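Chemist: So you can see what is in the structure, the chains are spelled out below.
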Amino acid sequence: GAVVSQHPSWVICKSGTSVKIECRSLDFQATTMFWYRQFPKQSLMLMATSNEGSKATYEQGVEKDKFLINHASLTLSTLTVTSAHPEDSSFYICSASSPFTRLDTSYEQYFGPGTRLTVT
Amino acid sequence: AQKVTQAQTEISVVEKEDVTLDCVYETRDTTYYLFWYKQPPSGELVFLIRRNSFDEQNEISGRYSWNFQKSTSSFNFTITASQVVDSAVYFCALSEASFGNEKLTFGTGTRLTIIP
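Note that the protein sequences, when read in sequence, are chains A and B.
Residue 1 is where the first sequence starts when you use this note's numbering, and the numbers rise one by one after that.
Residue 1 is where the second sequence starts when you use this note's numbering, and the numbers rise one by one after that.
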């Protein structure tokens, strides 16, 4: 149980275009979803936290107008990279958590497989 | 602010050797969770363990074992009889333990290479 999917798994886009990445919890309702970014050979850095039905909370230094996050339902969150530039090329990973999972797994985040974005 | 330090950037060992990955953390919270994740070349994070701050018992799972010492703020991970499939980047992470604040702070990771 507790499976999270991401779509697409990889995407190549041209500079200036927008790209949408979907994160879905397949077998549980995710009240909170997190978006992380990972540059090559570096750690995961949290970009934002989104709770279903409310605005996302962005980490310091993350441009909210550039990285639009929508958590419209308990099973879907989307990250849209607007006007993408080559420096936005990275590995984007989402995770989902819920207080309604089994007690022994509460507060645990379930990670998606990641989306590799390349902006040319 | 929370912080996780993995001082070992890269480690290489010969297959069947034991290896320990170090993790030191900082937090002002009295209740928190510690995690270890494995990231193979495919990129997908593989959950290995979660430890509550009140549970200082060491844990063993097959060839994996974890040593949690609150007194030194360390949560080290040992692989015994290493195998080539253990080659990956390993991340230690820390989170608060209150609903809505489960965001993870990751260490910089340790790249482990097992030489056949």
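Since the hints were made in silico from the structure, they are not lab data.
Keep in mind that this is a model prediction, so the values were computed, not measured.
Be aware that one or more of the hints could be misleading.
As the list claims (entries may be wrong) - 30 angstroms max Cα-Cα, derived DSSO-like pairs, lysine-lysine:
#: 1; chain 1: A; residue 1: K41; chain 2: B; residue 2: K38
#: 2; chain 1: A; residue 1: K41; chain 2: A; residue 2: K64
#: 3; chain 1: A; residue 1: K14; chain 2: A; residue 2: K64
#: 4; chain 1: B; residue 1: K38; chain 2: A; residue 2: K20
#: 5; chain 1: A; residue 1: K41; chain 2: A; residue 2: K20
#: 6; chain 1: B; residue 1: K3; chain 2: A; residue 2: K66
#: 7; chain 1: A; residue 1: K64; chain 2: A; residue 2: K20
#: 8; chain 1: B; residue 1: K16; chain 2: A; residue 2: K41
#: 9; chain 1: B; residue 1: K16; chain 2: A; residue 2: K64
#: 10; chain 1: B; residue 1: K38; chain 2: B; residue 2: K3
#: 11; chain 1: A; residue 1: K14; chain 2: A; residue 2: K66
#: 12; chain 1: B; residue 1: K70; chain 2: B; residue 2: K38
#: 13; chain 1: A; residue 1: K14; chain 2: A; residue 2: K55
#: 14; chain 1: A; residue 1: K20; chain 2: A; residue 2: K66
#: 15; chain 1: A; residue 1: K66; chain 2: A; residue 2: K41
#: 16; chain 1: A; residue 1: K14; chain 2: A; residue 2: K41
#: 17; chain 1: B; residue 1: K70; chain 2: A; residue 2: K64
#: 18; chain 1: B; residue 1: K3; chain 2: B; residue 2: K70
#: 19; chain 1: B; residue 1: K70; chain 2: A; residue 2: K55
#: 20; chain 1: A; residue 1: K55; chain 2: A; residue 2: K66
#: 21; chain 1: B; residue 1: K38; chain 2: B; residue 2: K16
Chemist: Hint by hint, where does the structure go against what was stated? Just the numbers, ascending.
Modeler: Checked against the structure, the hints that fail are numbers 9, 17 and 19, while the rest are satisfied.
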